[in-house]
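For the protein sequence lines, the chains are A and B, in the order given.
Taking the working numbering, I'd label the letters of the first sequence as residues 1 to 486.
Taking the working numbering, I'd label the letters of the second sequence as residues 487 to 831.
It is worth saying that the hints were derived from the structure and are not from the lab.
Be aware that one or more of the hints could be misleading.
Simulated crosslink set (DSSO-like; lysine-lysine; CA at most 30 Å straight-line) [claimed, not checked]:
#, chain 1, residue 1, chain 2, residue 2
1, A, 172, A, 90
2, A, 182, A, 419
3, A, 172, A, 191
4, A, 95, A, 477
5, A, 81, B, 716
6, A, 419, A, 359
7, A, 182, B, 574
8, B, 611, A, 133
9, A, 172, A, 81
10, A, 182, B, 716
11, B, 611, A, 419
12, B, 611, A, 184
13, A, 133, A, 90
14, A, 486, A, 172
15, A, 172, A, 184
16, A, 172, A, 188
17, A, 419, A, 126
18, A, 172, B, 611
19, A, 134, A, 477
20, A, 191, A, 95
Label-pair distances were calculated between CB atoms; the ranges are [what the hints assert, rightly or not]:
#, chain 1, residue 1, chain 2, residue 2, range
21, B, 807, A, 478, 43 to 49 Å
22, B, 743, A, 413, 31 to 37 Å
23, A, 478, B, 793, 49 to 55 Å
24, A, 339, B, 783, 56 to 62 Å
25, B, 590, A, 482, 29 to 35 Å
26, B, 739, A, 486, 51 to 57 Å
27, A, 215, B, 590, 34 to 40 Å
28, A, 227, B, 807, 39 to 45 Å
29, B, 742, A, 436, 34 to 40 Å
30, A, 156, B, 603, 55 to 61 Å
31, A, 239, B, 731, 44 to 50 Å
Quick look at which bits of chain B chain A covers, simulated, 3 or more residues with Cβ under 8 Å [said to hold, decoys possible]:
#, region
32, 588–598
33, 653–661
34, 730–741
35, 764–774
Glycine included, C-beta positions come from ideal geometry on N, C-alpha and C.
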Amino acid sequence: MSSVIGQETGSTSSGALVNTTWLDYTAALIRTHSRGHVLSAEHGDDSAKNEVYDVIISGGGMVGSAMACSLGMDPNLVGKKILLLEAGNKKVMDKVPDTYSTRVSSISPGSATLLSGVGAWEHITKMRCKPYKKMQVWDACSDALITFDKENLQDEMAYIVENDIVVAALTKQLDSLSDNVKVKYRSKVVKYTWPMPHHAADSIPWVQVTLANGETLQTKLLIGADGPNSMVRRELGIPTVKWNYDQSAVVAVLHLSEPTENNVAWQRFLPTGPIAMLPLSDTESSLVWSTSHRLAEELLELDEESFVDAINSAFWSNENQSELIETAGSLFRGALSTIMPSAGSPRQLPPSVAGIGPKTRVMFPLGMGHASEYIRHRVALIGDAAHRVHPLAGQGANLGFGDVACLTQLLSQAAFNGKDLGAMQHLLEYETERQRHNLPMMAAIDLMKRLYSTNAAPVVLLRTFGLQATNMLPALKEQIMAFASK
Amino acid sequence: MYSNKFNCLMLGLYSRNRSAVCGLVQSAPGRSGFSWTAVCKQRSLKLQRSACLERQHHPMPCQISTRSASQTTVDPDEVRRFQSLASKWWDEQGDFAALHAMNDLRVPFIRDNLLNVHRARHPGKPLAGLRILDVGCGGGLLTEPLGRLGANVLGIDPVEDSIYTAQLHASYDPDLSDRVSYQACTLEELSSEEKEEQGADQFDAVVASEVVEHLADLETFAFCCNQALKPGGSLFITTINKTNLSYALGIVVAEQLLRIVPSGTHDWEKFISPVELERLLESNGFSVQSVQGMLYNPVSGAWSWTNSTAINYALHAVKHRDDPQPDRAEERSPRPEDHTAATHS
């Protein structure tokens, strides 16, 4: 391009002026670049200076890897340079381990569609996943319960998949996309340098990412998928609404007393927090017990037998129910059944637990977080970096996959319109669309958590009635399921 | 501001045309309403007159322009005036915000119409292999997206500082610097340059977006576009219609009330209606394929397609595939069937 201007000298009187001014410009540019910038030794090297990635994704967890696959497979983004940075090691799973891992996620049908779109779902089903058809959620303080299921129990509601398997499947898919997407493992980011929002004449307009090994990379768009304690979000100074729940989740793998057609997900709201049993196979289930920090520590210290007893009694015992609540509950049920006689379902009890998997008891703290902005100039946050929720609704991973689907579609359209991928216009659309979806979900989850954290009678009565009424309205339940399945 | 920027182009075209009407057009700023009818008459008279001139001496205008445009078109006052504005091209919320937003319409318009003809099957780079000329490229606002879509784009503009800004902006992106290049010259200079070189490379498409309303002599412009295009090549124009509504909204409201566009940018007499533009293009060897109205929403800052071409519109024309000589009797009068076909999207 500069050569064209050079040849221009003949045709206009200001040709000579054009030549010298352009050379001055270029010289000034190079001087400014080498002065006081993060680019140090690499600057002089042509290849490093010219290598500008189109997209860098920081964080190779479930959501970050899914984003990388999704961009890599998009037809409008063919030829774009995409890089995924992961601080940990590459997770390869040649053979599925015999024991189940404790961290599992409930994958909604919408997320399963995304994963099959990127070609990872096949790998997951070949490895290991458990579909479930029904979910029963009930109160410890009353008889109220609600069940969700698809009609006639034919279709799956959702799938329980171990997190390791999701990541391994996505990694396998990324291997096959190595033309479009590069992955750097064991690369920890130490510094981000943000571009000036308005294109100033002598500054690099791209985001610069400095790794621990000294390498500096440039990109037109940085996607932050680095988890609830996101460094990208922190470095940008995005205000985040967050609080700790004073709860920790205890997770374990449970061995059931007897094999059963294990296709129901169970969750009971105790005053100390919800306890959930999610099916993994006909003989094993995953436990997620959210409770106060103190109780969680105590649970970890119990020996295996006492722990198993605690779990069974949490699901089965009725000690939290008072007479008043019981009477009121049955009154409500009677009243509601006169209005809608056919609806409502009998309460079932979850399978009893006989033992736990070896060395599988772990606890981790719970919190809620929401970034007030998901985007900045040339940066977008996805997954837990943008929003962190309580596991009681099994939505954390699904919200992240929803972010991936939305952002991919917007970036694809932007590329087809010849736009700069880091431009604010489509990033703002992403933020608006996802906040509109995520905020009501997060508010609902938080509300549920607070509603069920007490055994004060008025609240219990309120939620009992609410739950029973909802249980009797199939239309409302369908709406809830549809919202949670996206 | 645009009118200032293109004064140099205008002056170059004046000296060739020697039409008395040009002086009238320049001096009347078009603010008072009384001169409209008079100006309309003068304008169509001028067009007829210059059309006659064209038919008799069509190869000459370009050669004359080379001689006259080279030394005297660049006005140092205007270049200085644009030095301050040249840095503002890429501020998406600044003076050029509406032009940035217009990319949402004009890039798909160009891309889709070219894909109809060329059917490039290169995923990720739909316009790969095409050569496009962006006339009046300014800071490269439209040139860059076309380059990103894979085309080889040459952007030309008489204002050098705009070209500097464009080159600087594109220089940071290694992806673009291969495909996008800029040259500070006028269209006539470029076409004469290419004529001098043996076997001039012609373009697959010429884009003149928001340019035509700043030119005084459209005949020459249309002729040079025709010269620059391959047979069957596409010409894309976006401009403003000459109606009462375009005066009210495009000048009074946009420039003076809402300041969407800096005051003095547009001159109502230079606006041209789609019918006139079609007639002009068809007498220069083009066949107009589609005309589509565009509407700007100042509240949302977004453009949208609309059925009415009363204010802004986009036009796609194709150079005839056979001999591109424009002076034949059948092409002088606009064909009625082309007009009816022209309003489809």
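Hint check:
Annotation: proposed proximity of residue 172 of chain A to residue 90 of chain A holds, straight-line Cα distance about 10 Å (limit 30 Å). Restraint check for residue 182 of chain A and residue 419 of chain A: satisfied, since their Cα atoms lie roughly 22 Å apart, inside the 30 Å limit. At roughly 29 Å between alpha-carbon atoms, residue 172 of chain A and residue 191 of chain A fall within 30 Å of each other, so this suggested pair holds. Between residue 95 of chain A and residue 477 of chain A the alpha-carbon distance is near 39 Å, which puts this suggested pair outside the 30 Å criterion.
With a CA separation close to 34 Å, the supplied pair residue 81 of chain A and residue 716 of chain B exceeds the 30 Å bound. A threshold of 30 Å between alpha carbons decides the hint, and for residue 419 of chain A with residue 359 of chain A the separation of about 52 Å lies outside it, so the pair is violated. Note on residue 182 of chain A and residue 574 of chain B: the hinted pairing is violated, with a Cα-Cα distance of about 36 Å set against a maximum of 30 Å. Simply put, residue 611 of chain B and residue 133 of chain A have alpha-carbon atoms about 45 Å apart, too far for the 30 Å limit, and the pair is violated.
Restraint check: the Cα-Cα separation between residue 172 of chain A and residue 81 of chain A comes to about 19 Å, which is no more than 30 Å; the hinted pair holds. With a CA separation close to 41 Å, the supplied pair residue 182 of chain A and residue 716 of chain B exceeds the 30 Å bound. Only pairs whose Cα atoms come within 30 Å are accepted, and residue 611 of chain B paired with residue 419 of chain A is accepted, the gap being roughly 12 Å. Note on residue 611 of chain B and residue 184 of chain A: the hinted pairing holds, with a Cα-Cα distance of about 26 Å set against a maximum of 30 Å.
This hinted pair does not check out: residue 133 of chain A and residue 90 of chain A have alpha carbons roughly 33 Å apart, beyond 30 Å. For a cut-off of 30 Å, the pair hint linking residue 486 of chain A to residue 172 of chain A stands: about 25 Å separates their Cα positions. At most 30 Å may separate the alpha-carbon atoms for a hinted pair to count; residue 172 of chain A and residue 184 of chain A meet this at roughly 14 Å. At most 30 Å may separate the alpha-carbon atoms for a hinted pair to count; residue 172 of chain A and residue 188 of chain A meet this at roughly 22 Å.
Note on residue 419 of chain A and residue 126 of chain A: the hinted pairing is violated, with a Cα-Cα distance of about 39 Å set against a maximum of 30 Å. Under the criterion of a C-alpha separation no larger than 30 Å, the hint pairing residue 172 of chain A with residue 611 of chain B is consistent with the structure, at around 27 Å. Between residue 134 of chain A and residue 477 of chain A the alpha-carbon distance is near 12 Å, which keeps this suggested pair within the 30 Å criterion. Taking the CA atoms of residue 191 of chain A and residue 95 of chain A, the gap is near 37 Å; set against the 30 Å cutoff, the hint is violated.
As the Cβ distance of residue 807 of chain B to residue 478 of chain A is approximately 59 Å, the hint placing it in 43 to 49 Å is violated. A hinted range of 31 to 37 Å for the beta carbons of residue 743 of chain B and residue 413 of chain A is consistent with their spacing of about 34 Å. Taking the beta carbon of each, residue 478 of chain A and residue 793 of chain B are about 41 Å apart, not inside 49 to 55 Å as hinted. Roughly 49 Å separates the CB atoms of residue 339 of chain A and residue 783 of chain B, a value that falls outside the hinted 56 to 62 Å.
Taking the beta carbon of each, residue 590 of chain B and residue 482 of chain A are about 32 Å apart, inside 29 to 35 Å as hinted. At roughly 42 Å, the beta carbons of residue 739 of chain B and residue 486 of chain A sit outside the given window of 51 to 57 Å. About 37 Å separates the C-beta atoms of residue 215 of chain A and residue 590 of chain B, a value consistent with the hinted range of 34 to 40 Å. Between residue 227 of chain A and residue 807 of chain B the C-beta distance comes to about 59 Å, which lies outside the given range of 39 to 45 Å.
A hinted range of 34 to 40 Å holds for the C-beta pair residue 742 of chain B and residue 436 of chain A, which are about 38 Å apart. A hinted range of 55 to 61 Å for the beta carbons of residue 156 of chain A and residue 603 of chain B is inconsistent with their spacing of about 48 Å. Range check, residue 239 of chain A to residue 731 of chain B: Cβ separation about 46 Å, and the 44 to 50 Å hint holds. Residues of the region 588–598 of chain B with a Cβ under 8 Å from some Cβ of chain A number 5, which satisfies the need for three, so the listed coverage holds.
Chain A is given as covering the region 653–661 of chain B, and this holds because 9 residues of the stretch bring a CB closer than 8 Å to a CB of that chain, at least three being needed. A count of 0 residues in the region 730–741 of chain B with a Cβ less than 8 Å from any Cβ of chain A is obtained; the coverage claim is therefore unmet, three being the minimum. With a threshold of 8 Å between beta carbons, the proposed coverage of the region 764–774 of chain B by chain A is violated, since 0 of its residues qualify and at least three are required.
Taken one by one, the earlier hints fail for this structure at numbers 4, 5, 6, 7, 8, 10, 13, 17, 20, 21, 23, 24, 26, 28, 30, 34 and 35, listed in ascending order.
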